[in-house]
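All chains, please: the whole structure from these sequences, using the hints.
There are 2 protein chains.
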Amino acid sequence: MPRRQPEPATPAVAVHLEVVDRADTMARIAERVAAAGGRVRTVSTVSRVASAGVEPDDRPVAELELEVEQADEHALVASLEDLDAVVAIRLTRPMDKVFGKRVIVVGGGAQVAQVALGAVSEADRHNLRGERISVDTIPYLAGERIASAVRAVADLPRARLLVLAGSIMGGEISRAAEELRAAGIPIIALNMVGSITDHVDLVVSDPVQAGTMAVMAVADTATFDLARQRGRKY
Amino acid sequence: MPRRQPEPATPAVAVHLEVVDRADTMARIAERVAAAGGRVRTVSTVSRVASAGVEPDDRPVAELELEVEQADEHALVASLEDLDAVVAIRLTRPMDKVFGKRVIVVGGGAQVAQVALGAVSEADRHNLRGERISVDTIPYLAGERIASAVRAVADLPRARLLVLAGSIMGGEISRAAEELRAAGIPIIALNMVGSITDHVDLVVSDPVQAGTMAVMAVADTATFDLARQRGRKY
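One line per chain: the protein sequences are A and P, in this order. In this text, residue positions in the first sequence follow this note's numbering: the first is 1, and each later residue adds one. In this text, residue positions in the second sequence follow this note's numbering: the first is 1, and each later residue adds one.
These are computed hints drawn from the structure, not numbers from a lab.
In silico SDA-like pairs for lysine to any residue, Cα to Cα no more than 25 Å straight-line: (1) A/Lys101 with P/Lys97; (2) A/Lys233 with A/Asp206; (3) P/Lys233 with P/Val208; (4) A/Lys97 with A/Leu128; (5) A/Lys101 with P/Ala142; (6) P/Lys233 with P/Asp198; (7) A/Lys97 with P/Ala142; (8) A/Lys233 with A/Gly194; (9) A/Lys101 with P/Ser121; (10) A/Lys97 with P/Ala23; (11) P/Lys101 with A/Ala110; (12) P/Lys101 with A/Leu156.
In structure tokens form, the structure reads like this:
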């Protein structure tokens with residue numbers, strides 16, 4: 001699989017929509033965006049209200065966050081505001097401009113918490129200098145669920161790096177790790193029991209340092225190059 | 001604004017798609033989903049590949065994660081697999097089934113790290129019992145950027161609760177906090193300087209305990225009811 005292109009060709013613009021939740025609503029929205037020259041990149045349904053009272057005939061209403069590339073804000077609003085299904089529209093900020101790049105930490109609670117400590121402290125330093133890096137975690141102990149989470153990172157918007165924080169990982173998790181790296185997302189693992197340490201980009205023994213290095217690896221404001229550390233253990 | 005409906009009417013199903021990235025691709029996909037009786041709920045563009053070699057004539061290819069409600073997996077795949085723009089399709093797991101409910105922690109690095117420590121440890125305990133709770137953080141110091149982040153939480157998929165972790169917050173952040181609560185997302189704040197403590201659901205002095213309570217408040221496996229604690233300080 002080719003390496004993912006981290007930056008979009010044009011900055012995304014975003015709108016928050018209240019829409020009548022009909023079967024064809026999304027197709028009509030996507031058509032209008034296309035007619036304005038844009039490409040729909042992200043849709044998040046943030047709420048569905050069965051009977052909101054917004055519509056006099058109690059049609060179901062949904063709220064969407066829509067991100068579009070290759071169109072400017074005015075063209076996007078103009079293309080959607082007179083659409084029959086659109087109840088309300090307002091400009092908002094694309095998630096990339098707020099929460100930015102994501103470092104994902106998956107594993108056992110004790111280690112995840114320590115990796116997060118290092119990563120959050122380091123992200124704070126870079127975010128002060130204009131970066132936008134967030135640290136997202138999920139504690140899971142069972143191996144099968146960790147393997148699912150590793151695979152799912154490939155489909156998480158804005159995910160840039162995964163840290164595997166545990167005491168023993170291998171088997172299906174190692175296979176999932178190779179799939180994720182092939183999709184272009186590097187992995188740092190704690191030094192631990194199991195085959196996982198042979199299937200990641202970097203192995204770090206101290207969890208706080210692992211979190212710190214993870215953020216340094218994705219920060220444009222750092223001089224740390226993960227590619228030059230590949231295969232090393234610290 | 002009516003309170004958001006936390007659970008969808010039907011469980012979402014998800015596919016990972018490689019598509020030819022044309023202007024009308026999303027509209028054609030949404031039409032097919034609608035014809036199969038489904039509603040598009042989430043679209044994430046996880047990569048765009050300018051010239052992937054997948055297509056003989058080097059048409060640009062994008063990879064999407066698509067989540068749909070009100071259609072089953074087979075109907076969803078059947079509706080999309082013969083679409084001209086679809087290069088590849090495979091079933092995947094909806095994000096709700098992997099990363100689950102999200103507790104968001106926003107604020108200064110030192111406090112965010114301590115809140116995350118409590119929240120990750122508590123999430124670990126609940127996830128062992130079948131819950132799916134993740135803890136997502138972003139350290140920001142400047143007030144204006146925190147206010148933006150607070151507002152953006154309303155548009156984050158699966159966000160259930162916000163923890164404001166800092167030493168001084170008020171003004172625009174307090175206004176953003178009231179907007180977020182009106183959108184149905186409760187807020188826990190650390191005890192701190194500024195007006196923010198008058199504009200949240202619960203104030204907690206110890207950051208580790210604030211993180212713990214935040215996870216308890218969203219866990220179905222806990223007996224903690226934030227509504228009964230509203231307005232209190234610990």
